[in-house]
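Residue numbers (the numbering used here), protein chains in the order written: chain A, 1 to 289; chain B, 1 to 234; chain C, 1 to 328.
Don't read these hints as lab results, they were simulated from the structure. As the structure is a prediction and not an experimental result, all values here were calculated from the model. Just so you know, not all the hints are guaranteed correct.
Unchecked claim - List time: in silico DSSO-like cross-link candidates among lysine-lysine, alpha-carbon distance up to 30 Å: (1) K179(B) <-> K217(B); (2) K5(B) <-> K217(B); (3) K154(B) <-> K163(A); (4) K217(B) <-> K154(B); (5) K217(B) <-> K199(B); (6) K162(A) <-> K154(B).
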Amino acid sequence: MEIFDVFLLETVLNGILFGGVLALLALGLNLVFGVIDVVWICYAELVMIGMYAVYFLYIVHHVPLLIAFVVGIATVALAGVALHQFIIRPVLASEPINQLLVTGGMLFFLQAAATLAFGVQFRNLGLSLPSVTLGEIMLPQSRIYAAGTALVAMLGLALFLKKTYIGIAIRAISQDRAIMPLMGVNPSRIYLITSAIGGGLAGLAACLLVLQYDVHPAIGLTFGPITFMICVLGGLGNMVGGFIAAFIFAQLISIGGFFFQIEWGYVMAFAFFIVMMFIRPQGLLGRKS
Amino acid sequence: MLELKSVSAGYGSFQALFDVSLRVEAGEAVAVIGPNGAGKTTLLRVISKLMEVSSGEVAMEGVSLNAVPAHRVIDLGIAHVPENRRLFPRLTVEENLRIGAYPQAARARYPERLEFVYSLFPRMQERRDQLAGTLSGGEQQMCAIGRGLMSGPKLLLLDEPSAGLAPVIVQQVFGLVQKIRAEGYTVLIVEQNIQQVLKVVDRAYLLEVGRIKASGKSADLLASDDIRRAYIGL
Amino acid sequence: MNRAAWIALGLFALVPLLGVGDYYLHIAITIMLWSFVYTSWSLMGRFGLVSFGHGAFLGIGAYVTTMLWNHYGVTPWIGIPLALLLAVVVAVLIGYPCFRFRITGHYFALVTLALTEVVRMLIVALRDVTGGSLGVTPNIALAGGQPFSLWALQFAHKEVFFYIALAFWLFGLYVWRRIDGSMMRYAMEAISQEEDASESVGINVTRTKLLITVISAALTALGGALYGQYQLYINPDTVSGVALSLQIVFAVIAGGMFVQLGPTVGAAFTLLLAEGLRVAVGHEVHGLDSTIYGLMLVLFIIYMPHGILGKVLELRARKAGAAAAAGD
Chain A
1 MEIFDVFLLE
11 TVLNGILFGG
21 VLALLALGLN
31 LVFGVIDVVW
41 ICYAELVMIG
51 MYAVYFLYIV
61 HHVPLLIAFV
71 VGIATVALAG
81 VALHQFIIRP
91 VLASEPINQL
101 LVTGGMLFFL
111 QAAATLAFGV
121 QFRNLGLSLP
131 SVTLGEIMLP
141 QSRIYAAGTA
151 LVAMLGLALF
161 LKKTYIGIAI
171 RAISQDRAIM
181 PLMGVNPSRI
191 YLITSAIGGG
201 LAGLAACLLV
211 LQYDVHPAIG
221 LTFGPITFMI
231 CVLGGLGNMV
241 GGFIAAFIFA
251 QLISIGGFFF
261 QIEWGYVMAF
271 AFFIVMMFIR
281 PQGLLGRKS
Chain B
1 MLELKSVSAG
11 YGSFQALFDV
21 SLRVEAGEAV
31 AVIGPNGAGK
41 TTLLRVISKL
51 MEVSSGEVAM
61 EGVSLNAVPA
71 HRVIDLGIAH
81 VPENRRLFPR
91 LTVEENLRIG
101 AYPQAARARY
111 PERLEFVYSL
121 FPRMQERRDQ
131 LAGTLSGGEQ
141 QMCAIGRGLM
151 SGPKLLLLDE
161 PSAGLAPVIV
171 QQVFGLVQKI
181 RAEGYTVLIV
191 EQNIQQVLKV
201 VDRAYLLEVG
211 RIKASGKSAD
221 LLASDDIRRA
231 YIGL
Chain C
1 MNRAAWIALG
11 LFALVPLLGV
21 GDYYLHIAIT
31 IMLWSFVYTS
41 WSLMGRFGLV
51 SFGHGAFLGI
61 GAYVTTMLWN
71 HYGVTPWIGI
81 PLALLLAVVV
91 AVLIGYPCFR
101 FRITGHYFAL
111 VTLALTEVVR
121 MLIVALRDVT
131 GGSLGVTPNI
141 ALAGGQPFSL
151 WALQFAHKEV
161 FFYIALAFWL
171 FGLYVWRRID
181 GSMMRYAMEA
191 ISQEEDASES
201 VGINVTRTKL
211 LITVISAALT
221 ALGGALYGQY
231 QLYINPDTVS
241 GVALSLQIVF
251 AVIAGGMFVQ
261 LGPTVGAAFT
271 LLLAEGLRVA
281 VGHEVHGLDS
291 TIYGLMLVLF
301 IIYMPHGILG
311 KVLELRARKA
321 GAAAAAGD
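Just chain A, with the same shape it has in the complex:
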């Protein structure tokens, strides 16, 4: 019974660390939705781009890891801007369904293009960072770094949104879009900046994930649906809600994976999601949809 407890505790702690990264993912998606009112269905595929970027820079071109990270983040930030400018902007004025379809199409396209370009092999950075031992509990260092970085990034973003002019404009535009020009704010420019930040967050998540997971064309499917469920449960656009929901889901997956196989963890999370939809369909913190 004693050993059982320790492993469970380890699972819970791992779950918390995992939650940090999921929270980062949810943050990016929520930010973009809250500001631009568009869901980047292909969000996880942007993360995939980042993961591939870091992989190729580090493994193939022998770029130092930290520089690879920086370039990876920049790449995905740029991808976010390009996504908005060329794909989303043309359909912003038409029915919302078109925005869903166009980003859904990008999911499809990016996955397929990755298969075409990189093949279906699983690729790994090949880093084996040791684990940190606390008594009888082992926590992978990569997970700790990931969670720590995610936390710092989120705090950084929060500060940015609270203290800078652009940050305040970003928060304002989701509350009243129409009068932004009266303040001297160009909505299009805010959208581009938000897209860059959203992409950057995805890129950061990519760096953290590639430390622990293999990258392959379908990797987006591992994190995408979970991120969506987290955001829906927390309330689309609600960054605090998404944050909380991320940790709940991470625990469900972690514990589910502990008692059964990892896929069951996801199934459990989804079951939880469905149940929550019946109980509290407006999301955890109940804001208007």
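Fit chains B and C to the given chain A structure using the hints.
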């Protein structure tokens, strides 16, 4: 300072303004009065470029606004305080004021501007960290006007400042307008509350169904039989 | 349907008797089967209920039927209705909270996306039963030279399947037509424009949406089951998952979502494109056709949101100066 020359504008096939011409000189307070649906809000939207004119021209200090995009109008010194206040409900009072100073030129002078607005509206300083959505109607109007002042405008456009407010509060709001005037600001107010607004402005235009029907000094308009009969019910 | 269409259909039905060979029959069958599936999806899509999760229903249809047959010897005649039942239950389970609480648009799309992935994961997780990612084959019941087994719903000759596929394709079009002409169509259109107003004129929004969803889900599951019986091999990625769901969406958009034959055109388009690419490149280049689909989906949404058929009809209407035909 501000001049509208034969401005026509509308929404799709619906024309809201027909051939409207008016001017506001520096230091003046001018009102555009008229009933619901007269086109008053459209008029302000045309000035702040939230809408394009279909014909005619709006000029600020001689500079035509035709090619100016909406978010640059504030750089020309025009600040539009929208109808229904339109504060950002989940930002604090101070954050709402801060975003009023978004233009680069205004940012440099943010601390002084903030102090100025707080000195004008001490209640706003008391409530600086309160979410704007939780303010009372009158306080919201105060905050909205303060936000407009943060950019240090030359011309302040006020869109129906009394709308939706209790009579006592309306008096307070017009008191604020007088205070602003005393500071030397040029103001263009659009209003339905004719009696109150004519007390604080120098001149007024009467807008009916998109056309200027009358204009003149407020004292004259107040005395005019047409106005009294039609709007003040005397 | 006009005379010319009937004649064309009659001629088409004679194709297997011409001895065109298995390859072409296979193409025709596949197109018709998928047209059936795509048409079923479009029953929801055309009213703004964009589901990114129909892969879930397809997967349920294929796997439940095959699992019951393989593990319990349950004939597909019973297995298929059971699969449809499960699909309907799932549809209601997901649909009810969504519709009751007015979860539409973005939320709905995300929920369906999560659904389809979870179904796929479930199939993989139950690997001891389903064979996991490697897929599974329904136990072959045709021994020796046996041409068919009604009990197992397996047929050795593609000609037979041609007529089965033809029947279901026409059935799907029929259902589309019936809904198009029914009160439900008008109710759904009202709902897709203004839900609250619809409610106030007495339309039971939740029930109407659920009904459309249930029909769509059941038919899609049916398509999945048929696919399993025809292809005699299924795996989680070909019958479930996000990629499949998006493929459905793409085909319908490409063909034309608001027109009866749109999904069919989309099926023909995508399948012939895939075949054409395979033949042109000489072998299967992993992901080439999907890459092109994805790119085209995006371009279609931006430039031709009403699909190929929609555009054709638009142009015809403009030329004729008359109201466009309703896809007949």
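Hint by hint, here is what the structure shows:
no., hint, result
1, K179(B) <-> K217(B), "holds (20 Å)"
2, K5(B) <-> K217(B), "holds (20 Å)"
3, K154(B) <-> K163(A), "holds (27 Å)"
4, K217(B) <-> K154(B), "holds (22 Å)"
5, K217(B) <-> K199(B), "holds (11 Å)"
6, K162(A) <-> K154(B), "holds (29 Å)"
Going down the numbered hints, you'll see the structure goes against none, and every one checks out.
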